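**Student:** Given next are the chains, with one letter for each unit.
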Amino acid sequence: MNFINPTAVRPLFEGADWEFSTIQKIHTAVERVALGELGLDVYPNQIEVISTEQMLDAYSSVGMPLFYKHWSFGKQFARHEGLYRAGMQGLAYEIVINSNPCISYIMEENTATMQTLVIAHAAFGHNHFFKNNYVFRQWTDADGILDYLEFAKGFISRCEEKYGEAQVERLLDSAHALMTHGVHRYPRRRHADLRSEEKRARERREYEEQIFNDLWRTVPGKPGAKTDKSSEERRRALLQLPQENILYFLEKSAPLLAPWQREILRIVRQIAQYFYPQGQTKVMNEGCATFVHYKIMNRLHQKGLLTDGAMVEFLKSHTNVVFQPEFDDPRYSGINPYALGFAMMSDIERICLDPTAEDEFWFPEIAGCGDPMEVLRDCWANYRDESFVLQYLSPRLIRQFGLFHVVDDANEPHMRVDAIHDERGYKRIQRALAKQYDPAWLLPDIQVVDVDLHGDRKLILHHRALDRVLLDEQDAKLTLQHLADLWGYDVLLREIDPGSDSVLKEHAATPRPGLLSPPL
Amino acid sequence: MHIIDRRLNPGGKSLANRQRFIRRAKSLIRKAVHESTADRSIKDADEAGEISLPAQGVHEPSFRRGRGGGVRDYLLPGNKEYVEGDTLPRPPSGGGGSGSEGSPDGEGQDDFRFALSRDEFVDLFLEDLELPDLAKRRVVDTEAMTWSRAGYSVTGSPANLALMRTVRNGMARRIALRRPKTEELVRLRADIAALAEDDPKRVELEEELDRKLRRVQLIPYIDPLDVRYKRFEAHPKPVAQAVMFCLMDVSGSMTEHMKDLAKRFYVLLYIFLRRKYKHVEVVFIRHTHQAQEVDEDTFFHSPETGGTVVSTALEEMRRVVSERYSPDSWNIYAAQASDGDNTASDNERTADLLTKAILPICQYYAYLEVGRDSEHFPPGFIRRDSDLWQTYSEICRSGAPMAMRKVNHRRDIFPVFRELFARKQAPAGADSA
Numbered sequence: 001m002n003f004i005n006p007t008a009v010r011p012l013f014e015g016a017d018w019e020f021s022t023i024q025k026i027h028t029a030v031e032r033v034a035l036g037e038l039g040l041d042v043y044p045n046q047i048e049v050i051s052t053e054q055m056l057d058a059y060s061s062v063g064m065p066l067f068y069k070h071w072s073f074g075k076q077f078a079r080h081e082g083l084y085r086a087g088m089q090g091l092a093y094e095i096v097i098n099s100n101p102c103i104s105y106i107m108e109e110n111t112a113t114m115q116t117l118v119i120a121h122a123a124f125g126h127n128h129f130f131k132n133n134y135v136f137r138q139w140t141d142a143d144g145i146l147d148y149l150e151f152a153k154g155f156i157s158r159c160e161e162k163y164g165e166a167q168v169e170r171l172l173d174s175a176h177a178l179m180t181h182g183v184h185r186y187p188r189r190r191h192a193d194l195r196s197e198e199k200r201a202r203e204r205r206e207y208e209e210q211i212f213n214d215l216w217r218t219v220p221g222k223p224g225a226k227t228d229k230s231s232e233e234r235r236r237a238l239l240q241l242p243q244e245n246i247l248y249f250l251e252k253s254a255p256l257l258a259p260w261q262r263e264i265l266r267i268v269r270q271i272a273q274y275f276y277p278q279g280q281t282k283v284m285n286e287g288c289a290t291f292v293h294y295k296i297m298n299r300l301h302q303k304g305l306l307t308d309g310a311m312v313e314f315l316k317s318h319t320n321v322v323f324q325p326e327f328d329d330p331r332y333s334g335i336n337p338y339a340l341g342f343a344m345m346s347d348i349e350r351i352c353l354d355p356t357a358e359d360e361f362w363f364p365e366i367a368g369c370g371d372p373m374e375v376l377r378d379c380w381a382n383y384r385d386e387s388f389v390l391q392y393l394s395p396r397l398i399r400q401f402g403l404f405h406v407v408d409d410a411n412e413p414h415m416r417v418d419a420i421h422d423e424r425g426y427k428r429i430q431r432a433l434a435k436q437y438d439p440a441w442l443l444p445d446i447q448v449v450d451v452d453l454h455g456d457r458k459l460i461l462h463h464r465a466l467d468r469v470l471l472d473e474q475d476a477k478l479t480l481q482h483l484a485d486l487w488g489y490d491v492l493l494r495e496i497d498p499g500s501d502s503v504l505k506e507h508a509a510t511p512r513p514g515l516l517s518p519p520l
Numbered sequence: 001m002h003i004i005d006r007r008l009n010p011g012g013k014s015l016a017n018r019q020r021f022i023r024r025a026k027s028l029i030r031k032a033v034h035e036s037t038a039d040r041s042i043k044d045a046d047e048a049g050e051i052s053l054p055a056q057g058v059h060e061p062s063f064r065r066g067r068g069g070g071v072r073d074y075l076l077p078g079n080k081e082y083v084e085g086d087t088l089p090r091p092p093s094g095g096g097g098s099g100s101e102g103s104p105d106g107e108g109q110d111d112f113r114f115a116l117s118r119d120e121f122v123d124l125f126l127e128d129l130e131l132p133d134l135a136k137r138r139v140v141d142t143e144a145m146t147w148s149r150a151g152y153s154v155t156g157s158p159a160n161l162a163l164m165r166t167v168r169n170g171m172a173r174r175i176a177l178r179r180p181k182t183e184e185l186v187r188l189r190a191d192i193a194a195l196a197e198d199d200p201k202r203v204e205l206e207e208e209l210d211r212k213l214r215r216v217q218l219i220p221y222i223d224p225l226d227v228r229y230k231r232f233e234a235h236p237k238p239v240a241q242a243v244m245f246c247l248m249d250v251s252g253s254m255t256e257h258m259k260d261l262a263k264r265f266y267v268l269l270y271i272f273l274r275r276k277y278k279h280v281e282v283v284f285i286r287h288t289h290q291a292q293e294v295d296e297d298t299f300f301h302s303p304e305t306g307g308t309v310v311s312t313a314l315e316e317m318r319r320v321v322s323e324r325y326s327p328d329s330w331n332i333y334a335a336q337a338s339d340g341d342n343t344a345s346d347n348e349r350t351a352d353l354l355t356k357a358i359l360p361i362c363q364y365y366a367y368l369e370v371g372r373d374s375e376h377f378p379p380g381f382i383r384r385d386s387d388l389w390q391t392y393s394e395i396c397r398s399g400a401p402m403a404m405r406k407v408n409h410r411r412d413i414f415p416v417f418r419e420l421f422a423r424k425q426a427p428a429g430a431d432s433a
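Protein chains in written order, with my numbering: chain A, 1 to 520; chain B, 1 to 433.
You may find that some hints are simply not true.
Which residues of chain A face chain B? A few of them, derived with a C-beta cut under 8 Å, are [as the list claims (entries may be wrong)]:
no. : residue
1   : 22
2   : 24
3   : 75
4   : 78
5   : 184
6   : 302
7   : 416
8   : 423
9   : 456
10  : 475
11  : 479
Okay, derived cross-link-like pairs now, BS3-like style, lysine-lysine, Cα gap no bigger than 27 Å in a straight line [to be verified]:
no. : chain 1 : residue 1 : chain 2 : residue 2
12  : B       : 13        : A       : 162
13  : A       : 162       : B       : 26
14  : B       : 26        : B       : 276
15  : B       : 212       : B       : 230
16  : B       : 31        : B       : 212
17  : A       : 477       : B       : 26
18  : A       : 435       : B       : 80
19  : B       : 26        : B       : 13
20  : B       : 26        : A       : 153
21  : A       : 427       : B       : 80
22  : B       : 31        : B       : 276
23  : A       : 316       : A       : 303
Simulated from the structure, these hints should not be mistaken for laboratory data.
As the structure is a prediction and not an experimental result, all values here were calculated from the model.
Idealized CB from N, CA, C, for every residue including glycine.
One chain only, chain B, in its complex shape:
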């Protein structure tokens, strides 16, 4: 009997099969992924998660008997009251509710549920997207060290012994110092044995053997000089970090629907940043006529009333940045969601703050104008662009790292997001199904 410990074998034997499966079901999975992100909070939006696929998509067919028709018989355990000849009503077709149906294979038409890992999830989610303007990215926070090989050293731990190098050095030294080889000695001894006792040549050969043996003793096979160890060097691994500012108008005019749209956009942005940066921090700033940094829950759910002064939020952001997130060491992204209202007198100040203080320190500034789900306007009514939209359009035209979009329905969120971050060289609209 053998006992073998297989636990140390490399895991992930099924990884290749898994990847094939995911590739196979890609379009289905992609759809499921987008649907499943709807009800997650921002911070755990990119966690691994379970998704479910329609069973038909990855079905493996075979010839098997159908469900209805013909003569079927069932053999069941646990009879209590039936006697031979009793008749029973047929269980409703399709539903396996009653146990007496006894579905022979149990192969239902249920959805196929399985869990995606975080990486798989995000990869599918953000296929073909790219962060704009990564140039300013700074290397900070050298918290991780990686070890890499860096030549040889003469000291080290036995575990790191460079065997090949050591033996090679030894060989070079033995050749240089002409240490007699074992074969030479063997041959010499054989020669001596072959000669007669009183042959004069024998003495000569014996002397040579003595000399060689002495040499062998003096020159060791492996000398401490030969020994080499593999050298490792620690390299600091650069870790980039980013902070994401969520700015939102929470005044009375913002409906739950609008906040929901904004949230979805933030979720996407957060996932996206998480993929590019190891550290992503999120700062929530809400504003009415005054702004305030809050936690996520308050940000989305706590009601607030007041006017709308956008510049306060920008001011608050500037304060937070100067206090905690130095633009030298942080990549700063900001996303602002609003219904577009702003106190008329504030527009100029907002534009000023944005161009002078905010945009220069930001990698990217996204403005999302959320609208009502079903906005109907009487025919002939021309919808006027909002105050904020007009203000921002001008800044945007000047080529600042800024983008702005309007969104009315949640189904638009993902396309808009893709549009904003689509890889530039990719042919437009090639993959935005």
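Chain A on its own, in the form it takes in the complex:
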């Protein structure tokens, strides 16, 4: 029994001011709730206090403390600075980095309440998610990222000294254009090492010797055609085609790139890969952090560690964060991941503790189980947005949000409401919403399918146009141009209807001179 006499406990702070000892005290109190009562498992925390300008700096280098130099980051900075100075955009209260130790930046302007909120949100909520979620565990290396960025920054600036800023900038422009298609979406097959490779080759030879029969040589046929085809297949297999990671393919196979250019492509690719999980777990990540800060703040208030005034301040900002405007609201700009994530997680808690008959039917395995934190920790560890929505978006929540699904087929004269929040629609709504978070659906599916390195070296890519949605023509042209520049020979992109395999559209590009050293 945890009996606390409210008069005996002094609040962590009063008023808005804070100093470093306050932060320390807040962290200790939050940690006690997070680890002791919520059972979170986090990387060690490192909390850094920064100023507004530094926050703007961090914005422009995708939140990382160090990054290589490129004009596009300057553009980001200029944009954010402009918006901020014009008062059109507030700054984030915090930025948190998926590294070990987990670095959270907090702004010096925040009030003590906001610092508490931020520490609970970032240093425990996000931190727990980074450490435990399977996508992050699989794809990112929290221990090494800062060192890698340090290396990347140094390497790129050495290249700038050696080969000129303009050369490096052109290369980075091209690499950035292909960054969205520079990630491995599935773990790659590990290459066998040389010894086992040799062993397999020997076994294969032995087998061929065993079954050798000179008679086969005398069998008439058309060997020419056959060997052609097999050599084509062999060629593709050697180049690991089809390949959806375009940057990886270029790094390994582009004929004219210099070694330093390959290394820079690799850097861009590695960084894209590092950020890849964040795109798939927006709802869960923010939901987790929001849910955790909400629990912690309430618990601190219960214990008498937060004053009522601080609690009201917190609730105001929390409410802003989880606000979901409706579709016909001028403020609407898509589904708010904070709102959806927080609502779903609170809903899971409710289902665990106080299920209705409907919940029992939909979620028999967790309804009324009594331990919501256990269920949530399991969710945070083993789901990403797509699977989480598919699994846990409850009918009650669908009704509460008033979700409905609209299909817009270009062949039909009107858009059609396909499903709404009713008995017939729940499953379909779940599926449709999950689809919106599926990275395979979000990004166009583009693959390198063929190239004849001994022939004209023309690179052929296919875009399988899901639902017959074509690429944005202007952008596709520009991006393909960048691809051609890196490849060094002609490039052809076919947009293909996956249903009928018919070609819907073709784009072609020829390399511009200047980026690559010309072939001998």
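Since the structure of chain A is provided, determine the placement of chain B on it from the hints.
**Tutor:** Below, chain B without anything else, positioned relative to chain A:
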């Protein structure tokens, strides 16, 4: 848990990226800068400001799905009246007016807006321009002091202690006075310990040790004599100042359009001077048949009628100069705008005043003759040069620090200005796009 205070870290981490961005978008930004100066007042013409670039110029492309065609689905919150199977009209393409469009990325084709700092603004604005004849520039008004290192001193505050120098002095002194080193003492003690109790050599060594220890006590490791401090000296920082005289004819014949042209020219000149001089003051003198010093607003906007006697303005300028701006301590620039009319009888006096009184004290005198926007003359009509133009041409030919140009349209202002101040050694017309 660690708390680190990063606020003291050097700022401007993004500066390099910003410079790259500006270099990248230079031609676009330059254009935007010139456009944005049109609607500013003279005094704040060179303030930092927001400019907007066309989005395409700094676009970063990627493979992404297009906007139209195919089957799309939207999942939206806040259903009120729709039931399954309802049909909705498509929102007008391109316009995100209706919320149900639900643009997934919000990446519009809006212009890219951002703010340039004052220095960036002016640098771009005045690239490749140079003030003519800076030779007479005087150093005045030593209002700023800078501190710079000036050797060492024997007194100072502890914060300025020159550690290296102090230790070096100490070492020199210790060597000179032969202060025994610690290693020597250690070795001596070891030697003594190694010897037997009654060895005669032992007494000798012990005496030597005593002597050395006494010496160590007498000669300190660091003596107050050794201590040195970094010395700083204050240098007065020269600050040059300039005054710019705007002279304008405001008689009835000057239209709003002409005044606008003049204003633009003054704006450019002001920005340019501000870059070269820390203090720039502006004096506005308007004239009809009589001249008067006024403030900026009156200068440009208050209507006035009367004849045109240019010499009055020059007289007024001479008066202001003698009262407030001694040519010894001020760099004086003057820009005169007029439609070229002058009372015929006044031309001689004007020329006289200009050559004798004004030009000798001026760094530079610019005369801008503004014309109507669309001046059509019947074919065969030869346009006669104005009175003032004829008068000034003669003075100009004699090699005075003076320039004169005609301007009819606002698009000519900047080229004319560039022409007047273009860096002499630069190949002509190389960069005047």
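**Student:** Give a verdict on every hint.
**Tutor:** Evaluated hints:
no.: 1; hint: 22; verdict: 10 Å, violated
no.: 2; hint: 24; verdict: 7 Å, holds
no.: 3; hint: 75; verdict: 5 Å, holds
no.: 4; hint: 78; verdict: 4 Å, holds
no.: 5; hint: 184; verdict: 17 Å, violated
no.: 6; hint: 302; verdict: 23 Å, violated
no.: 7; hint: 416; verdict: 5 Å, holds
no.: 8; hint: 423; verdict: 11 Å, violated
no.: 9; hint: 456; verdict: 23 Å, violated
no.: 10; hint: 475; verdict: 4 Å, holds
no.: 11; hint: 479; verdict: 5 Å, holds
no.: 12; hint: B:13 to A:162; verdict: 23 Å, holds
no.: 13; hint: A:162 to B:26; verdict: 25 Å, holds
no.: 14; hint: B:26 to B:276; verdict: 22 Å, holds
no.: 15; hint: B:212 to B:230; verdict: 34 Å, violated
no.: 16; hint: B:31 to B:212; verdict: 81 Å, violated
no.: 17; hint: A:477 to B:26; verdict: 24 Å, holds
no.: 18; hint: A:435 to B:80; verdict: 23 Å, holds
no.: 19; hint: B:26 to B:13; verdict: 21 Å, holds
no.: 20; hint: B:26 to A:153; verdict: 25 Å, holds
no.: 21; hint: A:427 to B:80; verdict: 20 Å, holds
no.: 22; hint: B:31 to B:276; verdict: 23 Å, holds
no.: 23; hint: A:316 to A:303; verdict: 20 Å, holds
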